[in-house]
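With the hints as constraints, model all of the structure from the sequences given.
The sequence shown begins at 1 in the numbering used here and counts up by one.
A portion of the hints provided could be inaccurate.
[Claimed, not checked] Straight-line alpha carbon distances no greater than 30 Å define the calculated DSS-like cross-link-like pairs of lysine-lysine that follow:
no.	residue 1	residue 2
1	K3	K226
2	K159	K240
3	K226	K260
4	K196	K226
5	K246	K227
6	K3	K159
7	K226	K246
8	K25	K109
9	K116	K65
10	K227	K65
11	K25	K227
12	K240	K220
13	K53	K116
14	K246	K260
15	K89	K3
16	K53	K109
17	K183	K65
18	K25	K116
19	K116	K183
20	K68	K25
21	K196	K227
22	K227	K159
23	K256	K196
24	K183	K68
[Said to hold, decoys possible] So the derived label-pair ranges between C-beta atoms look like this:
no.	residue 1	residue 2	range
25	K116	K260	48 to 58 Å
26	L63	R34	16 to 26 Å
27	D48	P230	37 to 47 Å
28	K256	K65	52 to 62 Å
29	K65	R115	35 to 45 Å
30	K220	F254	44 to 54 Å
31	T236	A259	46 to 56 Å
32	K220	E85	34 to 44 Å
33	K227	N188	44 to 54 Å
34	L247	K53	40 to 50 Å
What the hints contain is simulated information worked out from the structure, not anything from laboratory work. None of these values were measured; they are calculated from a predicted model. Note that CB positions come from ideal geometry on N, CA and C, so glycine has one too.
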Amino acid sequence: MSKTIIITGTSSGVGLALGNYLYEKGYNVYGLSRSVPTNANFSTIPTDITHEKEVDDAIDQILAKNSKIDLLINNAGRGMVGPVENATKNEILNLFTLNIAAPTYLISKVLPIMRKVNKGKIFNISSIGSEIGLPFRGFYSGSKSALDMITESLRYELKNTDIEVCTINLGDIRTDIADHRIKSSISNVYIKDFEKVYTHMNNDVNNGLAPDIIAPFIEKLFTQEKKLKPHYYFGTAIQKLSRWVKLMIPQTWFEKIIAKYSGL
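In structure tokens, the structure reads:
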């Protein structure tokens, strides 16, 4: 029987590339996204994953046709840019609802299904930026850092089962993420620095890795026999190296490196 995979955020970018790749490999793929992509080969259930009732209905539709769920990929997420000082409560709550509360709710829906057969995997798509406080991306880094810690806690709680969970921490991927970021207001005192960082940030995305090269890496993790590590890092060499550099040198030195790299 073909394995059943749920992927969130499949309308474009990494989620769409993952869905099409895994479908072509013979998996039974269901994408959950607010809009249905025209170039998706897999099944899409229109779902706003921040609405619990819509998630419940989507899971019910999947279970009506499948007896189990083998893999959940919590891919849906959103960026946020702007000074910490200028962010509004609603902007912060909207970001954390999508990046943290929504994947956590999906996990709570899928775990009882996986527990029935004592088998399954959950991949939470995070960011290398979760381990680095990036200028003008404090809340995005914070949301992904929280997702990392939630994942680590869940690993302990699932220790006596054959259900596995990990994060896949991505570097810059060439997607349309810039078009969907939450952008808080920028007060005059920050404009000059923000514009430098924002230009650099968008250049990094435009020159990032293609989303389709991530799919074989994720399939390998899904099919491997050995236990999953807590975190996997996927990005350019310098992005993956940055997290090690942070551990090896004083924090103030590292901040100077990041500031210079960001154009500050």
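Check your understanding: Which of the numbered hints above does this structure break?
Key -> Checked against the structure, the hints that fail are numbers 3, 4, 15, 17, 19, 21, 24, 27, 29, 30 and 31, while the rest are satisfied.
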